[in-house]
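Enquirer: Okay, here's what each chain looks like letter by letter:
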Amino acid sequence: METIELTSALEQGKDTLEAIVKESGVQVTRCYQCGKCTGGCPVAFAMDKAPREIMRLLQLGLVEEALRSKTIWLCASCDTCSTRCPREVDIAKVMETLRIMAKKKGYITEKRMDLFHNLFLKSVETTGRVYEGGLVLGRNILGMQPFRDVHLGPSMFLKGKISPLPHIIKDNGEVKKIFANVRKRGGNV
Amino acid sequence: MKYAYFPGCSLSSTGLEYDMSTRKVAQALGIDLWEIPEWNCCGASSAHLTDQLLALALPARNLAIAEAEGLDVAIPCAACYARSKATEVEVRASKEMEQTISEVIERPYTGKARARALLDIFVKDYGLDAIGTMVNKPLKGLKVVSYYGCLLVRPPKLGFDDPEDPQSMDSLIEALGGTPLNWAFKTECCGAAHATAQGEIGLSMIERILSGAKEVGADCIATACPLCMNNLDMRQNQATAKTGEQYNLPIFYFTELMGLALGLKPEELGVNKHFVNTSEVLNKLNEALTRRDTP
Numbered sequence: 654m655e656t657i658e659l660t661s662a663l664e665q666g667k668d669t670l671e672a673i674v675k676e677s678g679v680q681v682t683r684c685y686q687c688g689k690c691t692g693g694c695p696v697a698f699a700m701d702k703a704p705r706e707i708m709r710l711l712q713l714g715l716v717e718e719a720l721r722s723k724t725i726w727l728c729a730s731c732d733t734c735s736t737r738c739p740r741e742v743d744i745a746k747v748m749e750t751l752r753i754m755a756k757k758k759g760y761i762t763e764k765r766m767d768l769f770h771n772l773f774l775k776s777v778e779t780t781g782r783v784y785e786g787g788l789v790l791g792r793n794i795l796g797m798q799p800f801r802d803v804h805l806g807p808s809m810f811l812k813g814k815i816s817p818l819p820h821i822i823k824d825n826g827e828v829k830k831i832f833a834n835v836r837k838r839g840g841n842v
Numbered sequence: 314m315k316y317a318y319f320p321g322c323s324l325s326s327t328g329l330e331y332d333m334s335t336r337k338v339a340q341a342l343g344i345d346l347w348e349i350p351e352w353n354c355c356g357a358s359s360a361h362l363t364d365q366l367l368a369l370a371l372p373a374r375n376l377a378i379a380e381a382e383g384l385d386v387a388i389p390c391a392a393c394y395a396r397s398k399a400t401e402v403e404v405r406a407s408k409e410m411e412q413t414i415s416e417v418i419e420r421p422y423t424g425k426a427r428a429r430a431l432l433d434i435f436v437k438d439y440g441l442d443a444i445g446t447m448v449n450k451p452l453k454g455l456k457v458v459s460y461y462g463c464l465l466v467r468p469p470k471l472g473f474d475d476p477e478d479p480q481s482m483d484s485l486i487e488a489l490g491g492t493p494l495n496w497a498f499k500t501e502c503c504g505a506a507h508a509t510a511q512g513e514i515g516l517s518m519i520e521r522i523l524s525g526a527k528e529v530g531a532d533c534i535a536t537a538c539p540l541c542m543n544n545l546d547m548r549q550n551q552a553t554a555k556t557g558e559q560y561n562l563p564i565f566y567f568t569e570l571m572g573l574a575l576g577l578k579p580e581e582l583g584v585n586k587h588f589v590n591t592s593e594v595l596n597k598l599n600e601a602l603t604r605r606d607t608p
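Chains as they are written, first to last, in our numbering: chain C, 654 to 842; chain V, 314 to 608.
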């Protein structure tokens, strides 16, 4: 078992923790570790660290460990934890903030989830909307799982649920500008 | 009654039936839906996990177009609703945010145009009594579990119903002549995009919801979210392959059930586009009506 020097950890993690508190607007010290978030979390079974543990890591200044967890990528943003927290800690918002920060630092522990979101936003920037057919195709090819869900393709097509080509909105320049303006303000997209 | 209409990306693709049934039902009720011209994707479910400002700005463009027309926005998709509502609330809460957003989208948006969930519009604005008077094919004997999912009622400050035990869809089913059943999974998460990106994890989540509905003896599940629909309908046989359980549970958008009760044809509503066969439920409804009509 690894030994951790908690006093120095708190000092080392201070700046990152401050950034997380500022970005999310959540005071992590409010959490009193009751575990209600984890009890209600529908994805806890698949996480490497439970939501309660993530909150504890942050309280102890062990921010790197939280940022390198799979948990922050597996959180489904369903908000059950934040809704039920007796201390009104917005845990889902913390997960969201950690994930954005992890991505900036290049800690991507769930590559398929990351790929999905990148393809999604690429589609929105290019066409103004999400082209679901292209999204699934990209996921299969780039995610190296070429045959995933292929059996669904033909019937989706016949039901008219997947079109062969994306719809490109007329004012798409406006959407491209939104992305450009967000980047100008330091956005990581 | 007139609203701006934001269908969202899924409703022009995998959630086609939701769009078809929304338009048909609104027309039957005399609600005027003005589709936002050249609307853009609201960014759900990826923008908020990538950049906060982008997540607020994408829905803002659609809201700004509606605001210029002086209309609130009717949004069927639960995810689009949650993202758009978050933008509206943030913009209304701070002048600084209003300015930032308006600069990023290069259009004015003050938060005056509100994001409204279509379900809420039917239940609160139009009213259950008024809907009840329009029903001519009641959903007699149909046992329905209402599945609200996560984003329609959470987070609580953005929702329009109880976040743990919402009632609006249940009371709508009742107004349509159906029997709403109580169950434990009303607001349980279906895994959203997990089934697409992380198959095994997503399937476990889907399977629990289907089992929960089966356990209370539901004939079908009603939903207000195209992603929930895809997960529970399209992937139902994947869940069966995993567990060996035959669920045999048709999933309906609540708008489809409304349309059926208003006497619209299943095909007009897109009910024939589902993966899980709906004929058993449709037959059951017809039989109940025939019994009612024969003295």
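Hints should not be assumed to be uniformly reliable.
Chain V is faced by these chain C residues, among others (derived, beta-carbon under 8 Å) [as the list claims (entries may be wrong)]:
hint, residue
1, 674
2, 736
3, 774
4, 777
5, 783
So the derived label-pair ranges between C-beta atoms look like this [said to hold, decoys possible]:
hint, chain 1, residue 1, chain 2, residue 2, range
6, C, 740, V, 350, 38 to 48 Å
7, C, 826, V, 449, 46 to 56 Å
8, C, 836, V, 553, 37 to 47 Å
9, C, 676, V, 599, 49 to 59 Å
10, C, 806, V, 553, 48 to 58 Å
11, C, 823, V, 343, 22 to 32 Å
12, C, 813, V, 449, 23 to 33 Å
Simulated from the structure, these hints should not be mistaken for lab results. Beta carbons: idealized from backbone N, C-alpha and C, even for Gly.
Enquirer: Now tell me if each hint is right for this structure.
Expert: Checked hints:
The beta carbon of residue 674(C) comes no nearer than 14 Å to any beta carbon in chain V, farther than 8 Å, and the hint placing it at the interface is violated. The closest approach between the C-beta of residue 736(C) and any C-beta of chain V is roughly 5 Å, which is under the 8 Å cut-off, so the hint is satisfied. Contact between residue 774(C) and chain V, as hinted, is supported at the beta carbon level, the nearest pair being about 5 Å apart and thus within 8 Å. At its closest, the beta carbon of residue 777(C) sits 4 Å from a beta carbon of chain V; the interface hint therefore holds under the 8 Å criterion.
Hint status for residue 783(C): holds, given a least beta-carbon distance of 4 Å to chain V, under 8 Å. Checking the proposed 38 to 48 Å range against residue 740(C) and residue 350(V) shows it holds: the Cβ atoms sit about 45 Å from each other. Between residue 826(C) and residue 449(V) the beta carbons are some 48 Å apart, a value that agrees with the proposed interval 46 to 56 Å. With their beta carbons about 45 Å apart, residue 836(C) and residue 553(V) fall inside the hinted range of 37 to 47 Å.
For residue 676(C) and residue 599(V), the hinted distance range of 49 to 59 Å is satisfied, since their beta carbons lie about 56 Å from each other. Evaluation of the 48 to 58 Å hint for residue 806(C) and residue 553(V) yields a failure: the beta carbon distance comes to about 20 Å. Roughly 30 Å separates the CB atoms of residue 823(C) and residue 343(V), a value that falls within the hinted 22 to 32 Å. The supplied range of 23 to 33 Å is met by residue 813(C) and residue 449(V), whose beta-carbon atoms lie about 29 Å from each other.
In this structure, the earlier hints numbered 1 and 10 are contradicted, and the remaining ones agree with it.
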